[in-house]
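These two chains come separately, so use the hints to put the complex back together.
Residue-level listing of the chains:
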Amino acid sequence: MPSFEKVNYSLRPSKSIQRGLVFEGLRAIKERLALADPVYIGLGSVWFSDFLMAHSALDVWDMVSIESDEIGFERAKFNCPFATVKVKKGEAGVVIQDLKNGAEYSQRPWMVWLDYDSELDESVCQDLAYLNRNAPENSVIIFTFNAHEGNYGKPAAQRRSRVIELLGRVVSEDEPPASFKNKYGAFEKRLAKAVIDHMISDAVKCGREGGAVPAFNLRYKDGSPMVTVGGILPSKQNRAAAEELVKSEHWDYISEALIAAPNLTLLEVAHLQKLLPSSAPITRQEVQTLGFDLSDEQVQSFQKYYKYFPLFAQISA
Amino acid sequence: MDEVKSHAHAYPTKKFFVRMITRDIDLKDCILDLIDNSVDNAWAEKGGHIMSLRDTTDLSDFEIHINITNDCFSIRDNCGGMTLDSAVDHAFNFGRKEFSPNDNYSIGVYGIGMKRAVFKIGREAEVRSTYDEGGERSSFKVPINVDEWVHDDAPPWDFDIEESSDLGENGVEIVIQELTEEAESEFSSPEFLADLRWVIERDYTLHLHKGLNIFLNGKRLTGWRVELRQSENFRPMRAEYNDISRDNEVVVEMVGGMVAPPPESVDPDEDSKGDRLSGWYVACNGRIVLAADKTETTGWGAEGFPSWHKQYSGFIGIVLFSAQNAAALPLTTTKRNVNSSADLYRRARARMQEVSRAWIDYTNQRKRDTESARHNEEASRAVSIYDIAPREQVQLPEIEKKPVVPMANVSYSVPKTKLKKLAREMGNVTMSYRDVGQKSFEYAYEDYVGED
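Protein chains in written order, with the numbering used here: chain Y, 62 to 378; chain L, 189 to 640.
Chain L with its partners taken away, still in its complex shape (with noise of 0.2 angstroms):
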């Protein structure tokens, strides 16, 4: 055989490359993981240590901006900046060097969510960053020119790195132009940027709630605020492990138990946001990966457990994994779920399913009685997360059984517009079906049957 073809090139184009990292990630994960970033270095400035539910780090300093019109994104921070070192070496490069002992509990563990976003997000790019060097100021800037730079396959795969002008205050600014179609085309819904901001509040929410200042489009965003209720009846559960994962210890803590009382109306057509937001959530070094997860991921329908019901709605459980090494953490790449293989996962998920297992067999109860179980419900009062006192297993009202009365199901459809017609003329035109029909109920029986 000819010796120049004894060897099958296996390099990889940059298109190629292009193309399999932005494939399987989401425009608003991408923007997440240019937050992450931020996150991580203002992290770092307050010495990188874990970010537990007992945690008080203050992050009032710092501000991340993200404008997003028609035809540019941009993001601007102020915490710290990337030094030179770490864009010549780090963050630039695809893929991450091994764990270095740097890594303070941070949220970016792969090296890729810079690069991935701004293919994902245009054409045009410029990362700037200032930072502080031995007292001193230091700028400098990277400018890709997405097009240009795949044009060449041939290694090394570098950005050129060109002085620049210091920024306000020490920081990252990215800019991003030339949008790619599916960018533009986002970016111009409104109901994108309502979902962006949705998605912001509740998997930041831990660092909002440390006083982290996270602006979009100029307005301030405010943590989604996680109570559970509390009362004599009703304990939250709020427990705390060790475990190991790839060498390295991993925090675990897990929060659980009532967010609202379950519905009255397991109807499917009648959309909730109860059910919306129940179900397990999951952060990695304090960011939300996973987010009211009601699929086998979180234990629900696996191993003979049962699958989510709307009954099960007014649930949220919490389970946070910090690790000084991101790498010991089952996160997957896109951040937005988890690696259920793995060990420490699957031993955590083990703890949650008994915690699910507590409520389930509280809304089976409740029907015995869900007269009394609602005015206990209704009795609970809302308490932050943070606030819930160490506890083992959630605590739920025993439900004694009463003599059953006979009772009827009444079941009919009529048209929504009628019955939400009704619905505005008994005084609440956002009133449940239920309540329409009881309400409906009630009057014809007062009218045809009168006083019991």
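Just chain Y, same shape as in the assembly (with noise of 0.2 angstroms):
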């Protein structure tokens, strides 16, 4: 079944606020690596969220949403946002391929986020090394998967066999399984460094003078867990700016923290925004006080992410 016969993508919390990060990051990159021009390319379903985002938030006006599904691609264009968003048909490797082969963006950088919801296999790889060895100078690639422990096999060491059938030697025969076991999330944050450890080392054997440099590693949660990784791919001369943006004390894109975003009612949701901004950390007794109550975590993460928190109401006739 095609996403987005599953789930509205804008009704999910934690996708909603990882998503606001992801454009954040890339705001950041373009406006510090002076990117001019550059494309997005991502998988707007029906939905077009992302790219919503990335013509207010990044002032992109170049767009193109790849759709593979026969009905999904029709309802796409007649869902299609902006004039300057084309919506190409086809796998997301065939496109790219011909973006690549075409005169109109080859030689712009790329924005591109490949938000599967799928867990991540020999396809979603093959994209990975396509866009790391052919994106051009400066582009900026990230992708998202399920990382969801079962979609790679049971029991651990199974399971660390097939992430090293995904992503080669990045990962040793000898690794303990433990990591491999999804306690505390060890397993999404092992694939994840697979991932970008993977992109870097294929960078630098496809002879990108730049190398790519990792600037997105995220994790949320709104049923399955979701991972989304990604880097630069900055031009030689831009490598030095790229490294020292995304170790800035204030990058906050590569995390470890889970992003798992409590769902609020709009009263509630009013009510702590009135807190907030506060360096001090809100307590879960503040929030009694305001009357009604919440856990410890969800009032940590609210506090982490309030700037991007969604809020949803229906609308009725």
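Take these hints with a grain of salt, some might be off.
Said to hold, decoys possible - DSSO-like mimics (lysine-lysine), calculated; alpha carbons at most 27 angstroms apart, straight line:
id, chain 1, residue 1, chain 2, residue 2
1, Y, K150, L, K609
2, L, K407, Y, K244
3, L, K202, Y, K250
4, L, K203, Y, K242
5, Y, K250, L, K627
Hints are computed from structural coordinates only; laboratory data are not their basis.
Structure, rendered in structure tokens:
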């Protein structure tokens, strides 16, 4: 079933927060590397949530949405939010190759976000390899995939073999299986690190002068645990600036913390926001004095991400 | 003709020299050259003798620490150090002087490794050594600034030796900074570091087996455990003979046999670790210089011999050449191949081909009855190469021809992602394609046809 049939992307709070973080990161990269006339490439589905942000937050004009499903393609064209968004039909790997081979986009930096809801598999790895090797200089490539451990086999030792099968020698065959168990998100973190290590190594192997600079490593969970990883493929001249940017104190887009946003009512959000911004952590007691209650984790999560917190309401006729 | 113009200049320039000696060697092999120097010192400390499979020398007192970051490379050992005389006369010379009786089964032979490694890795280096001389500890250091050094081509080509404080233990420390573009790029790659680790574990497996401690970025490396399968039907070969090369005696040891059952699938798309490890390994004075070779160098595809085929996976052969004078060994300067035109090596290769031939014949025969072949293979147990009994020929089972049941080969392609999902649901995501196909057939047969 195509993913747009399963879920309305805009109604997942953790996903919304992750999207907000990704675009904030992309904006910082665009500014710091002075990226001129970038192209946004994504899987817009029928909702185009990321495309709306690419235009509003990044001021990107030219955008390409990839859709492989027959009906999804017609619906995507119908729902296309801006005149400058082109919907291309086909598998991501094939469409991206066409973009690279055409004159229109091949010389401009790409901001590619392949936001899958499926697991990391051979076809996703193929897209990753192609982009790593062929995306124009100063592009940013980001991948989101399902990191639920069950998708990668069981027990843990078999999961390790599967990750080696997908990503090669960045994972050692004698690595303790504990990293591949999903206690406290260990597997999700290990998988994300393996993808990033693979990306860096592959960039070196294919002779990218600026290499690959990891810029995104986020985990979120609305249902299944999802991982978002990505990096900058800077020119040789821009490598130092890219590294400096992602190592800066304010770079919040490489994080061990799981984004697990609480489901809150409009009223609760409005009351909590009145306590913010605040450099001191909000306590559960403070929430209780507002007249309701949340767990410590929920309070912390809200305080950390409140700027990206979505508000949902039903509009009835 | 004017007298001053009667000779054409033929002096090399330092820049040319640096460029040429670093061009044909891999960065990893340069690092191995530095490890070789440490290993040679450790081996000399233990008296320098032949490193055979049955040798029991204990190297556990020695440590080699390699640290690699994005902007610095260092190697430090406690293997006794380099003396000042050695530094003055040999170690910094380009090319080695003639064989000296003190060359006791060393790996270093061409006298180029350390300099080449420094040039390949960076532009700023410092070599420090602390050693015992007449019961007293002495130290010196040799700073190398490559850009400054290449600036002046006038002879003599030398490096300044300076006084230095003592290292913690007697040994050598080399720190290289201002990395070359190649080194900076490779050192940032986790895969490069993983590969380097594997190459060290493989190529120094004999030294690691004797207890040598090698650390890469703080992590202790463990030697590759080479084990061949043995049973009533399967017996690896292990032979030894003496040969002569350039008037020097060379001891040749050879081990070969089954490391794992041959593959069920010879599909080239299916990645197989077994195939990657299979082939011939050649070691010179204990250090593996050619690994998992499946080319003409080790006899495959040479002189009417079959070329390597995935069907032959599961075979490993190791040949060890040992000589007091390393110049007698069939080594290339990069220590990543053998000089296959050396008569010593050719004679060994003829014997290696006999072992390979027995394995080729077996993998052809086993097609007659793969089921019983597999049963036999699985009944064998792994034995360390150090514990294999001497035996001139490899022993492999004779496979009887079975009455032929007409068979049909089924071949079809499906998207890899779908196959993997099916394998996962069948209980093993890493199951071979063949097994997924076989299981699928059995499932469909049961469903459509039922019991036979």
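Structure-based check of all given hints:
Between K150 (chain Y) and K609 (chain L) the alpha-carbon distance is near 25 angstroms, which keeps this suggested pair within the 27 angstroms criterion. Only pairs whose Cα atoms come within 27 angstroms are accepted, and K407 (chain L) paired with K244 (chain Y) is accepted, the gap being roughly 25 angstroms. Only pairs whose Cα atoms come within 27 angstroms are accepted, and K202 (chain L) paired with K250 (chain Y) is rejected, the gap being roughly 49 angstroms. A hinted pair counts as satisfied when its Cα atoms are at most 27 angstroms apart, and K203 (chain L) with K242 (chain Y) does not qualify at roughly 53 angstroms.
Restraint check: the Cα-Cα separation between K250 (chain Y) and K627 (chain L) comes to about 34 angstroms, which exceeds 27 angstroms; the hinted pair is violated.
Checked against the numbered hints listed earlier, the structure breaks hints 3, 4, 5; every other hint is satisfied.
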